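Visitor: Given the sequences, and given the hints that come with them, work out the whole structure.
One-letter residues, chain by chain:
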Amino acid sequence: MRKISLTIVLSMLVLSLVLSACAGPATPAPSSGGETSGQPAAAEQNITLKVLVHQNPPMVEFMEAFNQKFTEKYPNIKVDMAVVNANDLSTVTQTRLTANDVDVVDMFGFANAAQPYMKNVDPPNWQTLIEAGYLLDITDQPFVKNYDEATIKDAGTYNGKVYQVNLGRVSYSGIYYNKDLFEANNVKVPTTWPELVAACETFAAADIPCMTAGGKDGWPIFVGAYGLTGSIYPDQLALVEGLWTGTIKWNDAKSLEMWEKMKIYAQNMMEAGASGIAGDAAPGRFASGAVAMFPGGTWYASAIEDAQPAFQWGYIPFPGSDNPEDNKYLFGKYDQGWVIAAKSPNKDAALKYVAEFSEPANYQEFVNAVGFIPTQPGATLDTQIGKEVAPYLANFRVGLEQYWVAPKGAGQYANPWASYFKPFGTFDDPKELADKVQADLQSGLDANK
Amino acid sequence: MIGYHFGRGRARLTPYLLLIPGIFLYILIALGPSLATTVFSFTDATGIRGAPMHWIGFDNYREFLFLGQASRDNYAALWRTLVFCFFVTTIQFGLGLLVAMLVNQRLKGTNFFRTLYFMPVILGAVIQGLIWSLFLYPLGGPMARLLEFFGARSEFFGGQPTEAFAWVIVVQIWANLGTTMIIFLAGLQTIPEELYEAAQIDGASSWQVFKNVTWPLLTPSVNTNLLLNIIGSLQAWQLFLVLIGYRNGTQVLGYLVYAQGFGQTSGSVTSAFRQGYAAAASIVLFLLVLVLGTVTQTILNRREKRIMG
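Note that the protein sequences, when read in sequence, are chains A and B.
For the first sequence, the working numbering begins at 1 and goes up steadily by one.
For the second sequence, the working numbering begins at 450 and goes up steadily by one.
Derived from the structure by calculation, the hints contain no laboratory data.
Since we're looking at a predicted model, the values are computed, not measured.
Note that CB positions come from ideal geometry on N, CA and C, so glycine has one too.
Any given hint could turn out to be false.
[Stated by the list, open to error] To spell it out: a stretch of chain B is covered by chain A in this simulated footprint if at least three of its residues, at any positions, have a beta carbon under 8 angstroms from a beta carbon of chain A; those stretches are:
| # | region |
| --- | --- |
| 1 | 496-503 |
| 2 | 515-528 |
| 3 | 579-588 |
| 4 | 601-607 |
| 5 | 686-697 |
[What the hints assert, rightly or not] Which chain A residues stay away from chain B? Per the calculated CB distances, all over 10 angstroms, these:
| # | residue |
| --- | --- |
| 6 | LEU97 |
| 7 | ASN186 |
| 8 | VAL197 |
| 9 | ALA253 |
| 10 | GLN267 |
| 11 | ALA272 |
| 12 | ASP382 |
| 13 | GLU388 |
Guide: So this is what it looks like as structure tokens:
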């Protein structure tokens, strides 16, 4: 009898375990999205709007304040904002979109669609997400008209439909410089490569590190040297096409000049220890006043100001060329933009959120906070960084990495990155590195012929 | 004759019923995803549900093993994985045994030290990474200051690939030493005290006691630890992600799988997710673990039979 009872109890236990494991997650009650909008009961329903953004301290600070304001206006909508490292944004975006666990996502501008001359490449992630139906078509939303047409076309449109409102362009080919140190050491703001080299030599003689950057994250070193690539290849889309079609090579005479300068940048200009500094710690290091220059993107301006409000700094295009006329370009990218999850149960709330954000007054505050070059025609960048970049805005160009799609089979060195040089990488000889980079790229190009 | 433990009639089904939850969970968590990974490795899956997916046969394997310089980089990562496995396994094993023997002494404070050595195991990879990133911060971090005192300096994780790689080995060992220690400690505590007393009466030296009593009787723990260390180090990737990120000359296969699957290889934040290709890479990793694991287990089993009978 005892054994039979035990068997029954165990059987029930097993059955309940199996049933509970088979059952799907508890289905939430439909919230005020899509079809239910407009019904008073649904409008009153409490909603948690899930927003995903990438780590950018001034932006996160602004977003927290904006979320609070938004919640005050829409008390039934609670904003649950997650912040992830920029490197992890696409991973988390994909995971949460496919799990239907996010409503509004900050996504980088659409730029690198596969071009006809690119053979056998996988389309970028955003393109796949659109084709799989994960991003909401916002073509007809009134707030889209708040943004300039060129931006909507260049950074938010795919196959004639709008999926993103892009919130701003950023330049990453500039250098922040410490005005006090320049003045104290009698150094002129450099407008050519020889002047930059001379400036660094002066600072080195005074035992002042010339440049710092967040070398631990890798990309700040590449981004910091962007002016070198840009001054030699101002038309970056043509550069991409040239590399794919073989009319430009990373080891030709023109490119070799770039590698030689990159070696000086990585080995003579960067301070010792820069390879251990994290990307978001670098602005603080520069603002401490210990370093003369900081090559980096316009998005760092707020962090520098926050770290040392009284700190005197300026921002110039990276003078990569010997000719000052070639150094008047700013290279950059379309930074974050809002996309809405097409399968979100909170579509109405998500649209309200993006619409509220796109209100000119809110957008202006956002631009002031993060230092983005505005994409709304009425907005202006009134901050110091805005004033610093204003003379070069007519020469703004989208950078290589926004267009680049690597061929399959290309080696790991098939990029124009200064971080391949010691101490960040293993190379010391520009010619050897140039040959390696071209060989790694060529290997992929040949494999796909 | 030994009676059937669960009785007769329907009661005979009890052990099978008891197995069901375990088998179900195994299929759900381990076998199912493994089979799915095998299937995905023959497709161009992106991991995005609803995105078009095509059967591409062995293309992913061909690309991983034979296409261009990337395939040669993959072999380099494979070799690096074996190097990582060798150093982590040997050092962690040796150090774990040493520490276990130390904290097995009847001394004051052994419980404290057991806890201290085991503590890193309970921390996640992110916390472990954060602790070591701060500890090894090259601009004024504690280790940098210590080196400075001796007139030396290091870039640690930001240094040359070989140096950064070596530091990840150190962190991997630190993070998992506790598990090795605990398994050895459990083994040491099962050795009867009388054997040590008898050896002492026979005048055996400490080394002779270790060689003839401790080491042979630790065989089950040795086998468990060796297998866990080998498999664990072959699969390691989280610490590489947290401490170094995608950096040429440092990737191991486990991290390569992650980087390919989640578009972190080309330097563009909007690159494609190649989860079909990553699945093929993970099958290669699985085969490596399978071969090394099986060979090791066979050798260890033979040794155990020889020693333990």
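Visitor: So which hints don't hold here, by number, going up?
Guide: The structure conflicts with hints 6 and 11, although it agrees with all the remaining ones.
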